[in-house]
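**Student:** Read off the chains here:
Number of protein chains: 2
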Amino acid sequence: MALDMSELEPVSRRSTAEIVADRIRTAIMRGTFPPGTQLGEVELAGRLGVSRGPLREAMQRLVAEGLLRSERHRGLFVRELDADDVRDVYIARTAVERAAALLVLAGDRGAAAARLTGALGAMEAAARAGDAVALADADHDFHAELVAASGSPRLRRMTDALLVETRMCLAALQETAPPAPDLLAEHQTLRDAVRDGDAHRFVTTLEAHMTDAVTRIVAAMPVAGGDLTGA
Amino acid sequence: MALDMSELEPVSRRSTAEIVADRIRTAIMRGTFPPGTQLGEVELAGRLGVSRGPLREAMQRLVAEGLLRSERHRGLFVRELDADDVRDVYIARTAVERAAALLVLAGDRGAAAARLTGALGAMEAAARAGDAVALADADHDFHAELVAASGSPRLRRMTDALLVETRMCLAALQETAPPAPDLLAEHQTLRDAVRDGDAHRFVTTLEAHMTDAVTRIVAAMPVAGGDLTGA
DNA sequence: ACGCAGCAGATTGTTGACAACTATAGGAGC
DNA sequence: GCTCCTATAGTTGTCAACAATCTGCTGCGT
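Read top to bottom, the protein sequences are chains A and B.
Heads up: the first sequence runs through residues 6 to 236, numbered per this note's numbering.
Heads up: the second sequence runs through residues 6 to 236, numbered per this note's numbering.
Worth flagging that the hints you see were computed from the coordinates, not collected in a lab.
Backbone N, C-alpha and C define an ideal beta-carbon position, used for all residues, glycine too.
Hints should not be assumed to be uniformly reliable.
To be verified - One-sided and incomplete, this derived list gives chain A residues near chain B with beta-carbon spacing under 8 angstroms: (1) Ala22; (2) Ile24; (3) Arg66; (4) Arg77; (5) Gly80; (6) Ala100; (7) Ser157; (8) Arg159.
Unchecked claim - Derived contacts from chain B toward chain A, CB cut-off under 7 angstroms, selection only: (9) Ala22; (10) Arg61; (11) Glu62; (12) Ala69; (13) Ile96; (14) Ala104.
Claimed, not checked - Where chain B lies over chain A, by a calculated footprint (3+ residues, C-beta under 8 angstroms): (15) 54-63; (16) 141-152; (17) 190-197.
Could you build the full structure based on these sequences and the hints that come with them?
**Tutor:** Here it is in structure tokens:
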């Protein structure tokens, strides 16, 4: 692992809006604010100990990321994701992670494989402990590490946003319970493909991994226009 | 082309921050604010006829998009792009546009090819007229249309941001003057590949197109640490 | 009973002023 | 002459109050 230089960094270099945005983002990710809920400005500002000004700035940031939906003079709502959104998230993730993996394969594969192995260890531990949320965290970290290892800031930023949306889906579905052994095996295959420099195997496994996740999530989703009328 | 339903849309559905962000984004794109310039809040707010509140919200949005760099208690600066950034932008663009093209090839190729042909017409007209900025606009539109035709909102949003950064590079270089005939031929090849459903040809041409652009831009860039000292 | 005008409550959008911080220019001391 | 300290100007960060708008309810008229 890299050195921990956090002690040397200035304390308050991050703006208040950024900190507030991070807090709300994780809250949305964890399912604290289910999709569709309205976020009142005064209540959130009071709860976070800031005024409405910085909070509104943070909200605009989240709107730009696609996590919130803003209706003028009506309020801010947590974005609701339908089946098409789930498909779209995974299409984008596949595109970005594929590109990241190709960059990794052209670079330092050993270091990347080591980082992925670390994330794999966390997944195994979570799976053994039967901790579903920890498993989701480790899964999240695995893919984040993969893209981070590519060294591309833009792919990294895109993935961060997409992973948050992924967690939103999972949180809304209240633990879709993917079969842990299969999940582990697939990620192990990805790690091995990175280690061995096998691009074709990686891409094939990744695409299968993504389409599997989509079908599982979409199947567990409540039907969009859930009425049983003939139309 | 699709129907023009703009008359039916509500007048002020877009928030002020969004409008302001669009204005500043295009200004940065067009090179009105060169990279590195500080954007004073009071001056911008006065020029746009809004107060500092909405303007700061718009700024946060642009910071989230990666167009601005915020230094606490010091100000907002237009992001400066070095050679690594150029490479990164084109890596991300290649990843996104490749995925978009594969979606298009799996969908309505004819409609997509028609939209691309329209953008190609604008490129030809601009090339004939020798209008470099119009050519850049048409080039921009071509790639935007391609990704829009994929029907993926997320790929669309990513491309919008990446294309703005692309224009930033070009504007900073004061018309890098790519050979117009070659540019036209490459885009024609891309259109034909979409029309014929030739995925391999499309990807190959796209990658060549991107790497060409990178080498051309990087070569025309001022050297990062442009001192001639021995180090 | 049903529908609609008008009102009350709450929420968002905007503004101007105040506080905190940074950078620069000038002068005192060595 | 050079360095360091200080005052000052200009910037950003934050806040509380004001204005505009939407929603739900009440009461009247048909």
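**Student:** Any of the earlier hints contradicted here, and which numbers?
**Tutor:** 2, 5, 16, 17
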